[in-house]
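Protein chains in written order, with the working numbering: chain A, 3 to 126; chain B, -6 to 172.
Please keep in mind that the hints were generated in silico from the structure rather than gathered at the bench. Beta carbons are placed, not taken as given, at the ideal position from N, Cα and C, and that holds for glycine. Please note that the accuracy of each hint is not assured.
Partial pick of chain A residues on the chain B-facing surface, computed with a CB cut under 8 Å [stated by the list, open to error]:
#, residue
1, 5
2, 8
3, 12
4, 21
5, 23
6, 28
If you only want the chain B side, here are some residues facing chain A, beta carbon under 10 Å, derived [as the list claims (entries may be wrong)]:
#, residue
7, 50
8, 52
9, 99
10, 100
11, 101
12, 102
13, 104
14, 106
15, 107
16, 108
17, 110
18, 111
19, 137
20, 150
21, 161
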Amino acid sequence: MRWLALFRPGDWLVAILGMTFCVASFPLAWQGGAAEKVVIKRGGDVFAELDLSRNRQIEVPGPLGITTVAVEKRRVRVVSDPGPHQYCVRQGWLERAGEIAICAPNQVSVQIMGGKEAYDSLSY
Amino acid sequence: MTHSVIKLTTTLEDHRIAQLAAAAIGLALIDAAIPLPLPGVKPGLSNIVTLIVLARYGWGTAAWVCGLRVIAGGLLLGQFLSPGFFMSLTGAMLSLFVLAFAIHLPRRWFGPVSWSILAAFAHIGGQLLLARLWLIPHNGLFYLVPLFASAALAFGIINGLIAARLLAELPATDTEASR
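Only chain B is shown next, with the shape it has when bound in the complex (with noise of 0.2 Å):
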C-alpha cells in the first residue's frame, strides 16, 4: 500500500485568518448561549474580533474571518442552511459591505465606534429585509423596527468600545507594522 499525502502549505496570512476566526466563532457560540426576549437581537459579540481584525490587517481579512464564523458557526449551533443561518449570512455580508466604505473614512474622526454603529445598522437593515421578503412577508414585521434599531445602536456602541480598547491596549505586532 503505498500512502498518498496531500498537504496544503498555508501561509502565515492563513493561519492567522484561522486564529482569528476561532476567536470569532467562540465568541459566536457565546452569544448564542445569552437569552435574549426578542429573537433577532443580539449582542453581536463575534463582531469586535471583525472589527479588530479590520483595522489590524485589513478588509480582505475582516471579510474572511467574518464568513469563516459564519459557515462554521452556523454549522456548530447546528443551524447551517437554515433560515437563521441565512439571516446571519445576510447581516453580515451587508455589514461588510458597509464596513468597506467606512474604513475610508479619516481615522481621525472616525474610529472603530463609528465602524461599529454603521456595521450594526446594516446588519439588522439587511436581515429586516430578508425577513421581509423571505420569512415573514407582512409590514407588521416593521413594527419592530424601532426596538431593532435601538439595539442595533445599544451593542453597536458597546461592540465598538470594547473594539478600540482592545486596539488601544493590544500592542500592534509587526507583521501589521510593516502595512
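Same shape as in the complex, but just chain A (with noise of 0.2 Å):
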C-alpha cells in the first residue's frame, strides 16, 4: 500500500494515542458526573437516586399513600401526593441544583444535586 508507506513509526503512536483518547472520550463524556442526579428521600432516608438525563416516574410509597415523582427534559416534579395541602406538587418542576419539594405529610423529599450547587437548598 503506498498511503500505508507514508505512515512513520511515531505517526501509528500519535494515531494510536489519538484513538484511545477518542475511544475513552466517550463513556467520560456520555455517562461521567456531568448529569446532574436527583435524590429522593422518604423518612429521612434515601429512597432513589435518579439521572436527571433520563425520562422517568417513579412511586415513593409513603404513610398516607403514594406520591408519585417524573423526570423530564432535565428537569423533576411530584406529579401526584396524597398530602392535604398539595404543596410540593404545586411547587412544579424543579431545574436548579440544590432546588427541593417537600410532601411533608407523606415524609417525601425531592431534591435535584449538581456538581456545583449555588445554594444549600431552594425552596418556595
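Got two chains here, separate frames each, mind docking them using the hints?
Structure (C-alpha cells):
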C-alpha cells in the first residue's frame, strides 16, 4: 500500500494515542459525573437517586399513600401526592441544583443535586 | 497633477507566501462548501497547505500562510469578525502553537501525519474552549467532545497523508534545497 508507506513509526504511535483518547472520551463525556442527579428521600432516608438526563416516573410509598415523582427533560416534579395541601405538587418543575420539593405529610422530599450547588437548598 | 506612486518592494519570500496562502484560501472555500452534519466538523483541507509549507519552509512561513488564510478566508466567506471567524482563528493559533513543538520531533520517526493529528486535536481543543467560555457557556457542550475528537483524528490522518504524499511526489525546489 502506497498510502500506508507514508506512515512513519511515530505516526502510528500518535494515531493510536489519538484513537485511545477518542474511545476513552465516549464513556467519559456520555456517562460521566456531568449528569445531575435527583435524590428522593422518604422519612429522611434516601429512597432513590435518579439521573436527570433520563426521563422516568417513580412511585414512592409513604405513610399516607403513594407520591409520584417524574423526571422529564432535565427537570423533575412531584406529579401527585396524597398530602392535604399539595404544596410540593404545586411547586412544579425543579430544574436547578439545590432546588427541593418537600411533601411533609407523606415524608417525601425530592432534591436536585448538582456538581456545583449555588444554594444549600431552594424551596418556594 | 503629479502622480504619487507608492511602491511596495516585495521579496521572493513574500511572493511565495502569497501564492501558498492563495492555495490555502482556495481549499478553505472548498471546505466551507462541503456539507457536513454537525457544525464545527470540517475536513480542514487548507491545513494540507500549512503542513506542506511547514515541512518545506519552516514554521514562520506556515504561520503567515495560515494567518492570511484565516483572515482572507473569513473575508471571502463573509464571516470576518463573526463568531465563526474567531473560532477559526483560535483553532489556527492553537494548532500553530502545537506545530511549533511538533516540528522538533525527530523527522525519522514523526512525519506530517503526526503533525496533522496533533494540530487537529489542538484545533478542536481550542475551539471547544472558546465555545465553552464565550458562545455556549454550558457543560452540555462537552457531550460533543467524542464526536469532535473522532472527526479530528480522522481528518487529521487524511490531511496528514495527503500532505505526506504531496511532499513525497513534489520535488523540492532549489530555494528550499539551500535551507
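Here is what the structure says about each hint:
Hint status for residue 5(A): holds, given a least beta-carbon distance of 6 Å to chain B, under 8 Å. Because the beta carbon of residue 8(A) sits about 4 Å from the nearest beta carbon in chain B, less than 8 Å, this interface hint is met. Nearest Cβ of chain B to the Cβ of residue 12(A): about 4 Å, under the 8 Å cut. The hint holds. Restraint check, residue 21(A) versus chain B: the minimum CB separation of about 6 Å is within 8 Å; hint holds.
Checking residue 23(A) against chain B by beta carbon gives a least distance of about 6 Å; that is within 8 Å, so the hint holds. At its closest, the beta carbon of residue 28(A) sits 4 Å from a beta carbon of chain B; the interface hint therefore holds under the 8 Å criterion. Here the hint on residue 50(B) is broken, as its CB sits about 20 Å from the closest CB of chain A, past 10 Å. The closest approach between the C-beta of residue 52(B) and any C-beta of chain A is roughly 19 Å, which is over the 10 Å cut-off, so the hint fails.
Interface hint status for residue 99(B): upheld, as the beta-carbon distance to the closest one in chain A is roughly 8 Å, under 10 Å. Hint status for residue 100(B): holds, given a least beta-carbon distance of 8 Å to chain A, under 10 Å. Because the smallest distance between the Cβ of residue 101(B) and any Cβ of chain A comes to about 7 Å, under 10 Å, the interface hint for this residue holds. The interface hint given for residue 102(B) holds, since its Cβ lies 4 Å from the closest Cβ of chain A, which is under the 10 Å cut-off.
The interface hint given for residue 104(B) is met, as the beta carbon of that residue sits about 4 Å from the closest beta carbon of chain A, less than 10 Å. Given the 10 Å rule on beta carbons, the hint for residue 106(B) holds: about 4 Å separates it from the nearest Cβ of chain A. The beta carbon of residue 107(B) is positioned within 10 Å of a beta carbon in chain A (closest approach about 4 Å), and the interface hint is therefore held. The criterion of a C-beta within 10 Å of any C-beta in chain A is met by residue 108(B), whose closest approach is roughly 9 Å, and the hint holds.
This hint holds: residue 110(B) has a C-beta 5 Å from the nearest C-beta of chain A, less than the 10 Å allowed. Because the closest C-beta pair between residue 111(B) and chain A is about 7 Å apart, less than 10 Å, the hint holds. The beta carbon of residue 137(B) comes within 8 Å of a beta carbon in chain A, closer than 10 Å, and the hint placing it at the interface holds. Hint status for residue 150(B) relative to chain A: holds, with the closest Cβ pair at about 6 Å, below 10 Å.
Checking residue 161(B) against chain A: minimum C-beta separation of about 7 Å stays under 10 Å; hint holds.
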